[in-house]
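Peer 1: Sequence:
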Amino acid sequence: CMGMEQQFESADPIQTPLGPRSEKWFRAVAADESAPAAREFFPWWDRGETASVLRNRALVHMWNDVRWRAPLSEDEALLHQEVHQLLEAANQMDASIVLPCREWAELLSFGAIEDASEVLRIEVEHEASKQSGTLVGYRRRPVVRCLGPFSVTVPGSFGEQFDADGTWIGFEAGRNVRMSLMSIGDAEEQPSPAEIVNQAELSEGFRWLPLEQQPGVCKRAQLGMSEEDGERFHCLNGMVAITGAFALVTITWDDAEMERWAMDTWLKITAESIDS
Numbered sequence: 048c049m050g051m052e053q054q055f056e057s058a059d060p061i062q063t064p065l066g067p068r069s070e071k072w073f074r075a076v077a078a079d080e081s082a083p084a085a086r087e088f089f090p091w092w093d094r095g096e097t098a099s100v101l102r103n104r105a106l107v108h109m110w111n112d113v114r115w116r117a118p119l120s121e122d123e124a125l126l127h128q129e130v131h132q133l134l135e136a137a138n139q140m141d142a143s144i145v146l147p148c149r150e151w152a153e154l155l156s157f158g159a160i161e162d163a164s165e166v167l168r169i170e171v172e173h174e175a176s177k178q179s180g181t182l183v184g185y186r187r188r189p190v191v192r193c194l195g196p197f198s199v200t201v202p203g204s205f206g207e208q209f210d211a212d213g214t215w216i217g218f219e220a221g222r223n224v225r226m227s228l229m230s231i232g233d234a235e236e237q238p239s240p241a242e243i244v245n246q247a248e249l250s251e252g253f254r255w256l257p258l259e260q261q262p263g264v265c266k267r268a269q270l271g272m273s274e275e276d277g278e279r280f281h282c283l284n285g286m287v288a289i290t291g292a293f294a295l296v297t298i299t300w301d302d303a304e305m306e307r308w309a310m311d312t313w314l315k316i317t318a319e320s321i322d323s
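FYI, the numbering for the sequence shown is 48 to 323, going by this note's numbering.
To be clear, the hints were calculated from the coordinates, so they are not data collected in a lab.
Estimated spans, in silico, between C-beta atoms of each pair: (1) D276 / A84: 46 to 56 angstroms; (2) E96 / S230: 42 to 52 angstroms; (3) L182 / A75: 17 to 27 angstroms; (4) S250 / S156: 36 to 46 angstroms; (5) A303 / A58: 27 to 37 angstroms; (6) E96 / C48: 18 to 28 angstroms; (7) A75 / Q246: 54 to 64 angstroms.
Where is the CB? At the ideal position from N, CA and C, for every residue including glycine.
Make a model of the complete structure from these sequences and hints.
Peer 2: Take a look at the structure:
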């Protein structure tokens, strides 16, 4: 039940909407589907809108959707508010239910939730101090974003959107990644990936990075400074090509110390060659 458009990292090999699970858990469920552990897979196991269902709905968002930082958009702020309301409703319905209070307190600290009373904040902080273990949230680790045959690894804290022409944009303060997919068509003689990337022209003030070639895939990028609305920033423009398609990639960052991140991001962009 996990989306195919992204891949999360986790310490355990099995990922579910309610968090990662061990191989031991999987084997136990496979051996006895009536075992209590099997219920952990389904957020909606109980009938009706019980405290458990409300908590689990919040946990699905916390594991899969929440970026663990202050929100950068209205949608992100609304998500923080929705998670808070689900947890608060679960607590009001059943005061004995165990809630992810460390993560709840973290959400409250980000500033988007304004209707939480001081009493509630103190109670959540108190319960949080009693809890330990791995924090909820796949997006505390890097995320592999899949775009057709291409994929890019970005921080889990990145927001994302598609602009009007279909370009995918991953972003947070001071840095972003853009990727546009292009199809070459159904010509009988398709240019090779190397021929595709070698058509790119070097921008003024930029320098070429080494050409990268793997079976069926070719990558080429240039590095330099760009300017927009009077502001200068570091920029990597790249092209990743396979037979019949290519992706245009732009990585920008404000702080020169982020160059290592930008280069790592570029190097980790992969493509599924149709010849492989």
